[in-house]
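Asks: Construct the entire structure; sequences and hints are all you get.
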Amino acid sequence: MIRRFARKPVGVAAAAWLLLVLVCAVFAPLIAPYDPQAQDLPAALSGPSGSHLLGADQLGRDVLSQLIYGARSALIGVVCAVATWLVLGVSLGITAGYLRGRADSAISRTADLLLSLPGLVVLLVVFSVFPGSLIVPMLVLGGLASAGLIRIVRSVTLTVREDLYVKAAQVLGLSQVRIMTRHVLPRVSSAVIVQAGLFAAIALVIQNGLSFLGFGVVLPNPSWGGVLGEASQVLLRSPWLLVAAGGVVGLTVLAFVLLGNATRDAWTEAWAPSQLSSAPPAGRGARAARAEGTAQAPHADTSGGVLTVRGLSVEFDGPRPVVSDVSFSIGRGETLVVVGETGCGKSVTALAVLGLLPAGARRTAGTVLLDGMDLSKCSRKELAAIRGSRIGYIAQDPMVSLDPNFTVGAQIAEAVRRHSRASGRTLPRKAVRDRVAGLLGSVNLRDPAAVARKYPHQLSGGMLQRCVIALALSGDPDLLIADEPTTALDVTIQAEILALLRRLLETRNMAILLITHDWEVVAQIADRAVVMYAGEIVEEAAAADLLAAPEHPYGRALLACDPVRALPGHRLPVIPGSVPVPGAWQAGCRFAPRCAEAEQKCSAAPVAFTRTAAGHFTRCVHAEARVQA
Amino acid sequence: MTRLIVKRLLWSVPLLLIASALSFVLLSLASGNPAAVILGPTASAAQLRQLTAQLGLNDPIWVQYWHWLDAALHGNLGTSLIDGQPVTTMLAPRVTISLTLVLGATVGASVLGVTLGVLAAIRGGPSGRVLEVTSVFGFAIPDFVLGLVLIEALAVAARVFPASGFVSFFQSPDAWLKSLVLPWTALGLGVMTIVAVQTRDAMREALRSPFIRVLEANGISRRSVLFKHALRSAAIPLVTVVGIVVVALLGGSVLIESVFALPGLGSALATAATQHDIPVVQGVVLYFTLIVVAVNLLLDVVYGLLNPRVRAA
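For the record, the sequence lines run as chains A and B.
Take 1 as the starting number for the first sequence in my numbering and just add one per residue.
Take 1 as the starting number for the second sequence in my numbering and just add one per residue.
It is possible that part of the hints are untrue.
List of simulated lysine-lysine pairs, PhoX-like, C-alpha gap at most 20 Å [what the hints assert, rightly or not]:
id	chain 1	residue 1	chain 2	residue 2
1	A	K430	A	K454
2	B	K228	A	K454
3	A	K381	B	K228
It is worth saying that the hints were derived from the structure and are not from the lab.
Replies: See below:
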């Protein structure tokens, strides 16, 4: 933790400055060249000179000495305020979040009240009770500001208390206080550290603002705010005073903020090493394999469909390949299903077709043909016009697929208006409304007009997914891309949605590209299926053939894991290991490290995509050998 | 929605009561006897006793508060101990000035901050870094120090704006604007950078929501996705930020009014607090709390209008 901190130059500089301020405060009589109250009238407002390094004020008092002594009241004030703030904020925040119930509502209500009082105003009232006091107003400031910290700590505690280890501690019978101090407190720390830096800065500004106004520590007692007050009076004659005092206050405030940020960063790095940075860089072998792979002509017939993808490769910044040399084709009235585990590049393939790759990802090779038009050559604007009108898109979780701030109808209407405008017509309001109702009716929603008026949070998951499908159909697309459209739904709803998609396919003369990891979806809707592993296609076949006899060991293993097919009384099989992260793919067969049938030759060279039967292709050395035999 | 507003209005009653009672009790603890402040140092002990009794200062504190509250509900906030002027008459013109200062700075900081934040979220990269660095500096320079620097640079050295004072809008709109530009800037600049950073984060968060991809994939234009859907989602947390900004700027206005010699509520409070002019302090606290309550109510309504889940409740 300390070593990590030492590597942050900004944090170190901030800490050094604060240390300097601390040393000045403690050893002020030893360091300061003059008594801060000693007047040297001839030197008044002299500006920096040999005898007064930072000049002198109206009465000839040495500015440097005043600033050095002023560090004392500044630090004492900040420490008092931050200590009060921390003690109240953390203890009340954890109590409210952990105990909930009455304690929570009492504490939260009080915090709300404190937050709506302007702090400086209250402090001025406090000053009229304790004139000239340094400590009391800062304690009050800490108490007032703790309301903000209470809120933050409370919300963190609310999440932490649901964590398993806290639940376990409760079951073990540890006392409430012990759980709060030993288990909840450490988790709250990182949020508190940054806030502490910010609050120390705010406290310093407020304290100096008050002494600037003439409250608290006032002249002739030395304080930073006092020098600033002096500076404002002599601004015309000597702007230098403002530079010196303003600079010291500004630097110290900056140091508090930056120290807080740097500590937080060091803290988070120490406890949560980045997952991504631990991934090994793309090996030379992987890249060589990709280059060779691109050179190989795809075997599957990829012409004449609604959508034809040829040799598609996508890379993330790094460069890390995530999809390599993917080819497939979908004809009108056909459903192609892409199967594979999470992280195999299925969704990235779909997004590449839509031209909506996330920031940092780009297509490095390949073409995407929609009815013969090459989308990879289209401009952003042309692609935007194609989305929605030629291609519709359905995402995984219907609960978050629509804007929660607009009614379902408004969102579909927006799409309808845009599509009609694109084809040169501006529909009147009534026509738009009818079209929206028609679309919602076509996805089997009863009372479409009522559904259109609902907000997403007022509808169930199944109804919402129908609404998303209606949105996707609003431009009469030729291709519907559905990325795990049933994963987030109940089993009965899943079947209904798949049946709806099948009916739409029959009535609308379009094609469907559907992504899933669920073999039941393949069985229910697919005409053809493609199995993807580690960014490439390892098998392609008619759905019935694939389900009956998968050729590739990965396809077989994946099918064996399907819980629906599991034999009662037997342990559900799993594929050992996990999908390699992009960039960590080995040369040759990427599945070999997890494959039960792997041999030495599997990892030797890239494996060709071989035709094993009519319409059945596999990327496996064993299948290759069988065909040749 | 109506229920929400009524609920909020009811909640503001205890807030006003507690805030005014708190400051009333605190002020009565103050060392100075108001009677002594009125009579000055030459008063005899008998005079002092008589006036103390006459002002009701020997009553228990809650009786005194009740008298104040009763009068306040009838529109009477007492008279200044220093010049005998009714507090309401004294503060009326100052409320306008303080509101102009604080609301002007809030609106300016919000509009500019949101614009910069949206730009940083869309452009990302270097402009985001620049925003991050400037926001740290914007936060680090105390508003009153910035005010002094602005006076030095633009009023003393360059003579573009007046260094201090306030001109009524009805006297000369041009001079009114000029007298407010520097105070607005000093008060609002730091807050603007904070609003910008919050906007950028809220926009980024919104742009990561799955519905953004679904809408864009189904043909909603990029412009509509950014400015209608993403910005709308981002605006909901920003309303809360603006609420905090207003409270912070009300506090900051006390210093800024003193720096620029603006005759607002804040400078009245600063003066009254040094002079132990308790009725004036009490009056200013009440006005400030009223402003906070009104602003929060307004923001609650905006929040409800933006967020259908709240509106339905």
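Asks: Does each hint fit the structure? Answer for all of them.
Replies: Tested hints:
Distance hint between K430(A) and K454(A) is fulfilled; the C-alpha atoms sit about 18 Å from each other, no more than 20 Å. Proximity of K228(B) to K454(A) is assessed by CA-CA distance (about 19 Å); at most 20 Å being required, the pair is judged to hold. A distance of roughly 19 Å separates the Cα atoms of K381(A) and K228(B); the hinted pair therefore holds under the 20 Å criterion.
When the structure is compared with the earlier hints, no violation turns up for any of them.
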